[in-house]
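Grab the two chains, each in its own frame, and use the hints to assemble them into the complex.
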Amino acid sequence: MGPDTKTKIYVKKSLLLILVALFYAAVPVFAFPPTFILGSSLEYNNQFWYGIYGVGSWRSTLAEGGYAALSGNFSAKYSQYEGGLLRDSEYLQGSLGFPVPAGTLLIESGLSSSLDDEDYGTILRPVWSAQYNLWKGPHYNTPVHPYLRYSGYYLYQEAGVQDRSAHEIGLGTVYDPSIKRGYRFEVTGKAEMWSGEYTENLSEIYPSEITAFDGAASRTDLFASADVELNGLAGYFADWSVVFSAGTRASNDQQYLSDALLETEGTDTVFVLAEGDFSWSPTRQIGLTSSLYADSQRYVERRASKEDGSLGPDPLLLVDMGGRVEFDWTPNNKLYVIASMNVGKTVSNDPAYEGWNIGLSAGVEYAF
Amino acid sequence: MHQIYHQGGRISPIMHVEGYKKVLPILSFSFLIFFVLLRPPCLWAEQVDTSSFGPTQTVKGILIDNGYTEKESSVIAEILDYAGSVGIPGELLIPRVREGVAKRVSVPRLERALSNDIENLRTARSLFEQFSKAEEFIGETARWKRAANMLAAGMDPQELYTLVEACSTKPDDFRSASVLYVSLFEWGLTEDSAKRVVESLVLSEIHKSEYEGVIELFRVARRQRLRPEELVGRIVSAAPHSRSIDELSNKILR
Chain A
1 MGPDTKTKIY VKKSLLLILV ALFYAAVPVF AFPPTFILGS SLEYNNQFWY GIYGVGSWRS
61 TLAEGGYAAL SGNFSAKYSQ YEGGLLRDSE YLQGSLGFPV PAGTLLIESG LSSSLDDEDY
121 GTILRPVWSA QYNLWKGPHY NTPVHPYLRY SGYYLYQEAG VQDRSAHEIG LGTVYDPSIK
181 RGYRFEVTGK AEMWSGEYTE NLSEIYPSEI TAFDGAASRT DLFASADVEL NGLAGYFADW
241 SVVFSAGTRA SNDQQYLSDA LLETEGTDTV FVLAEGDFSW SPTRQIGLTS SLYADSQRYV
301 ERRASKEDGS LGPDPLLLVD MGGRVEFDWT PNNKLYVIAS MNVGKTVSND PAYEGWNIGL
361 SAGVEYAF
Chain B
1001 MHQIYHQGGR ISPIMHVEGY KKVLPILSFS FLIFFVLLRP PCLWAEQVDT SSFGPTQTVK
1061 GILIDNGYTE KESSVIAEIL DYAGSVGIPG ELLIPRVREG VAKRVSVPRL ERALSNDIEN
1121 LRTARSLFEQ FSKAEEFIGE TARWKRAANM LAAGMDPQEL YTLVEACSTK PDDFRSASVL
1181 YVSLFEWGLT EDSAKRVVES LVLSEIHKSE YEGVIELFRV ARRQRLRPEE LVGRIVSAAP
1241 HSRSIDELSN KILR
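Sequence lines, in order, name chains A and B. So the first sequence is numbered by our numbering: it starts at 1 and just counts up by one. So the second sequence is numbered by our numbering: it starts at 1001 and just counts up by one.
Okay, chain B solo, but in the shape it has when bound (with noise of 0.2 Å):
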C-alpha cells in the first residue's frame, strides 16, 4: 500500500544518496528555508499528545471528534502502529495528524504525508547511526525531527549526512548548527565551505546561542570586500582559538 511498508532495514544514507537528485534545487532550498528558518508553528509543533491514552487511540480520538469515520481512524491508525513497529515514536506523527484534521484534509493524503513523515524520520536515524553519539542525537526527539523536517524540505540526505558529521563531537549543537549551515548555503556558500565553518564553530568554545553571528561577520566582510572564501579560510583557522564572535570577530576582519 505504501512504498515504506515495502522496504526492509535501514537505509545507508550512501545509497540513500543516489536515489535523491536534486531537480530543482532552487525550490528545494526554497522549501528548506521555509522549514528550517520560518518554522511554521503548525507544521511538526513540539506539542507531543500527553494522554493516558497510547499514540493510536489517541490518533483516533482526534479523528472521530473531527468527524472522521472509523474506517478512516483505522487506516490512519495503522500507519501509526507501523510506525511503531520500526521503531518511531508515534507521539513524533500526532502533529502532522492534528494539522491534516485543521485543514480537514482527505484520509489519502494524511496517509501520504504521514508516510513521508515516517521515511524521513528512519532516513534521518539512520544518518544518525553512522557516529558513535547516536544515541545522543536520537534521544532528543527535536533534534531527530528537525533532521526529518530537513529531509522533507528537500534537503539532500547526503548534505544532512555532512551536517551531522560537523555536529558528531556535540550533538547538543546540532540545531544551532543546522540553522548556521543553512543559512550560510541560502547565503552563497557551497556545501564544502558551509560545513568548515560549522565544524570549525563545533571545535571552538563558542556557544551555540552565538552562531547565528557568524551571518553577520559575512556581511561585515562583504562591505570590506573580502571573499566569502577567504572569510571562511580565516574563520577556521582563527575559531578554535576564539571563545565568543566578538573575539573571533576581532580577529579575523579589520
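Next up, chain A with everything else stripped away, as it sits in the complex (with noise of 0.2 Å):
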C-alpha cells in the first residue's frame, strides 16, 4: 500500500469521523415550541405610514450542547404619500451552533428581500457567516474567549445598478471577567465588490475621461475598522453597552462633480462611530430600551460644497447624531402596547447635508 493510498484512507476516515459528529450534533435533543407575534403599527416620518408585521422563530437545542434555530419576520407599510406609496420587507434566517474542538462553531444563513421596491423593483440579499469561538478549556464560562468571524452577503436589484457582494473578516477577543461586565475588542477586514453593470452605468452617464472604471475595472470598497466594546448590567434589572468604532474606507469609486468642471473626487473616508444602549425592565409589565450614536464620516478628498454650490477647500464632513427610545407595556405578556421616537440631525459643512430627521411610532403586538 503506498503513501497516497494510505493518505486517500486517512482522508476518508476522517470526513466520515466529521460526518458522523455533525450528524450527530444535528439530532433534535429538545425543540422549543414556536412563536409567532402579529403586529401593527402608525408611524410618522415626514409622512404618515400604516404598517403590518410579523415574527416567527423556532428553536431546538442539540446533542452535545448544539442549537439549531429559523427565525422569519415580513413587514409591509403602506402611505398616502404621492398617490400611495407600499413597501414590503421579508427576512428568513437559520442558524446552527455546535461544539467543535477547543470551541464553538455558529453557522448562520439568511435571505433579506422586498418584493417591490419603489426604487429598486425585487430586492434580493442573501447573507451567510460563520464565527468560531475559541474556549481555553472545557468550560464555556472562562473569562476571555478569542474568536473568529466571517460574513458575506450579495445584494440583487431587479431595477437599480448597484448589485454587490461583500466579504468581511473579523477577529477579536471578548473579556468577561464577571458577569456585570464585559468587554470585546475586534479588528476587521471588509472587500465589497459592486458589479459590472455598475461601472458600466457610470460609464454611459458620465464621460469616460471622467470615470475611475472605463469598463475596465469594477468598484471596489475596502474597509478596515477596530471596535471596543464594554458591556454590563446596571443593578438587577437593566443593562447598557457602549461601543466605539473607528476605520476607513478605500475605494476606487469617484463621486461626480459637474458637466462644466469634467472633474472627480475620491470617495475614500475615515470614520469614527460612538453608540450606546440601555435597557430596562422593572417588572414583566414594562420595558424600556434607549440608544444614542453619533457617527462621524469624513472624507480624504472629496470636497465640501458652499452654499452657493460651489466647492469649498475643506474635506467633506458628515457628523449623524441622534438617539432612540422605546417603552412598552403589556398586560398579560402577550398584548403589547408600544411607542417609540427617533431623533436624527446631520451636521456637516456642506449645507446640502444638513437636516433632521424625526419618526414616532406607536402600535400593538400580540405574541401568540
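For the record, the hints were derived by calculation from the structure and aren't laboratory data. Among the hints, a few may not be true.
Simulated restraints, written as ranges between beta carbons of each label pair [what the hints assert, rightly or not]:
hint : chain 1 : residue 1 : chain 2 : residue 2 : range
1    : A       : Arg181    : B       : Asp1192   : 30 to 36 Å
2    : B       : Ser1209   : A       : Asn46     : 22 to 28 Å
3    : B       : Asp1192   : A       : Gly235    : 24 to 30 Å
4    : B       : Pro1240   : A       : Asp88     : 39 to 45 Å
5    : B       : Ser1209   : A       : Tyr81     : 35 to 41 Å
6    : A       : Gln162    : B       : Pro1240   : 47 to 53 Å
7    : A       : Tyr183    : B       : Asp1065   : 48 to 54 Å
8    : A       : Leu230    : B       : Ser1074   : 31 to 37 Å
9    : A       : Leu230    : B       : Asp1065   : 55 to 61 Å
10   : A       : Gly355    : B       : Lys1103   : 57 to 63 Å
11   : B       : Val1075   : A       : Arg181    : 57 to 63 Å
12   : B       : Asp1192   : A       : Ala159    : 44 to 50 Å
A few chain B residues that face chain A, going by a derived Cβ cut-off under 8 Å, partial list only [what the hints assert, rightly or not]:
hint : residue
13   : Arg1109
14   : Arg1112
15   : Ala1113
16   : Glu1212
17   : Arg1225
18   : Val1236
We put the beta carbon where it would ideally sit given N, CA and C, even for glycine.
Next up, the structure:
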C-alpha cells in the first residue's frame, strides 16, 4: 500500500468522522415550541405610514450542547404619500451552533428581500456567516475567549444598478471578568465588490475620461476598522453597552462633480462611531430601551460645497447624531402596547447635507 | 416578658406558616427587596465583635460606653444570655445592638428588635434542619443571617423553605440563589416559577456568580416577546446541560 493510498484512506476516515459528528450534533434533543408575533403600527416620519408585521421563530437544542434555530419576519407599510406607497420587507434566517474541538462554531444563513421596492423593484439579499469561538479549557465560562468570524452577502436589485457582493473577516476577543461587566475588541476587514453593470452604467452616463472605471475595472471598496465594546448590568433590572468604532474606507469609486468642471474626487473616508444602549425592565409588564449614537465620516479628497453650490477648500465632513427611545407595556405578556420616538440630526460643513430626522411610532403586538 | 421566651422547642416551618398571613404582600416584598438587594451596610453588618470578652460582656460595654445605665445594659445582656441558651450565637446580635446604639433607640425598642432577630434566626435554623445538609447551612453564619434577614423583611417561611429546598444540594449557592429568587419574584414571576429556575441553576454546572445574569435572560426574552413562563420552561430544560449563562442564552433565546 503506497503512501498516496494511505493518505486517501486517512482523508476518507476523517471525512467520515466529521460527517458522523455533524449528524450527531444535528440530532434535536429538545425542540421548544415555535413563537409567533403579529403587530401593527402607525408611524410618522415626514408622512404617515400604516404598517403590519409578523415575526416567527423556532429553536431546538441539539446533542452535545448545540442548537438550531429558524426565524423569519415580514413587514408591509402603506403611505398615502404621492398617491400611495407600499413597502414590504421579508427576512428568513437559519442558525446552527455546535461544539467543535476547543470551541464552538456558529453558522448562519439568511435571505432578506423586498418584493416590490418603489426604486429598485425586487431586492434579494442572501447573507451567510460563520463564527468560531475559541474556549480555553472545557468550560464555556472562561473569562477570555477569542473568536474569528466571516460574513458575506450578495445584493441583487431588479431595477437598480448597485448589485454587489461583500466579504468581511473579523478577529476579536471577548473578555468577561464577571457577569456584571464585559469587554470586546475586534479588528475587521471587508471588501465590497460592485457589479460591472454599475461600472458600465457610470461610464454611459458620464464621459469616460472622468470616470475611474472606463469599463476596465469594477468598483471595489475596502474597509478596515477596529471596535471596542463595553457592556454590563446596571443593577438587577437593567443593562447597557457602549461601542466605539474607528476605521477607513478605500475606494476606487469617484464622485462626479459636474459636466462643466469635468472633474472627479475620490470617495475615500475615515470614520469614527460611538453608540450606547440602555435597556430597563423593572417588572414583566414594563420595558424601556434607549440608544444614542454619533457617527462621523470625513472624506479624504472629496470637498464640501458652499451654500452657493461651489466647492469649498475643506474636505467634506458628515456627522450623524441622534437617539431613540422605546417604551412598551403589557398586561399579560401577550398583548404589548408600544410607543417610540427617534430623533436624528446631520451636521456637516456642506449645507446640502444638514438636516433633521424625527420619527414617532405607536403600535400594538400580540405574541401567540 | 417576651413572646419568644415562652416558645418551647423549635418551630416546625410548616406549622409556623399558618401564623404568617401576608396582610400586605407588596409592602412586605418592598422591605424584602430593601433588605436583600440593597443590603444597607448599617443593618446586620458583617462586623462581629472579636474582643476577648463574651458577647454579653461586649454588649454591656458598648451600652455603658454610650450612656445607657447599668440596669438598661443588664436588660439587653439578659436577652443575649437567652439567645445563647437557645443556641443562637450572641455574636450574631451584636451588630443590631451597635445599630441601636448608633440611632440612640430606647431600650424597649432595642429589646423588641433583638427578640425579633432571635425569633427569625430560630425559624431559619428550623427550616435548615429540615434538610440533610443543615450543618452546612447553619455553619456559615452569613448564610444563616441572610435567611433570618429575609424573614425579617417579610418573606413567608414557606417561601424560604421552598428556596432552601431548591438549594438543599448546594448550600454554598444559597446566597446567590436567594438574590436571584427574590429578583425574579420582584420582576413578576410566581413563587413556583422562581423556584424552578433556581433549582435548575443549582443543579447545573453554571457557577453561582453568574446567577444574576438570569434576570437579563428574562429581559432579553421579553424584548423578543417570549412569555416568561415559556422561558422558565426553556431554562429548566436547558440549564442542566449548560456550563455558563452565555451557553444557556445561546440555546434558548433566538
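Exercise. List, from low to high, the hint numbers that the structure doesn't satisfy.
Key: Result: hints 2, 5, 8, 9, 11, 12, 13, 14, 15, 18 break, sorted rising.
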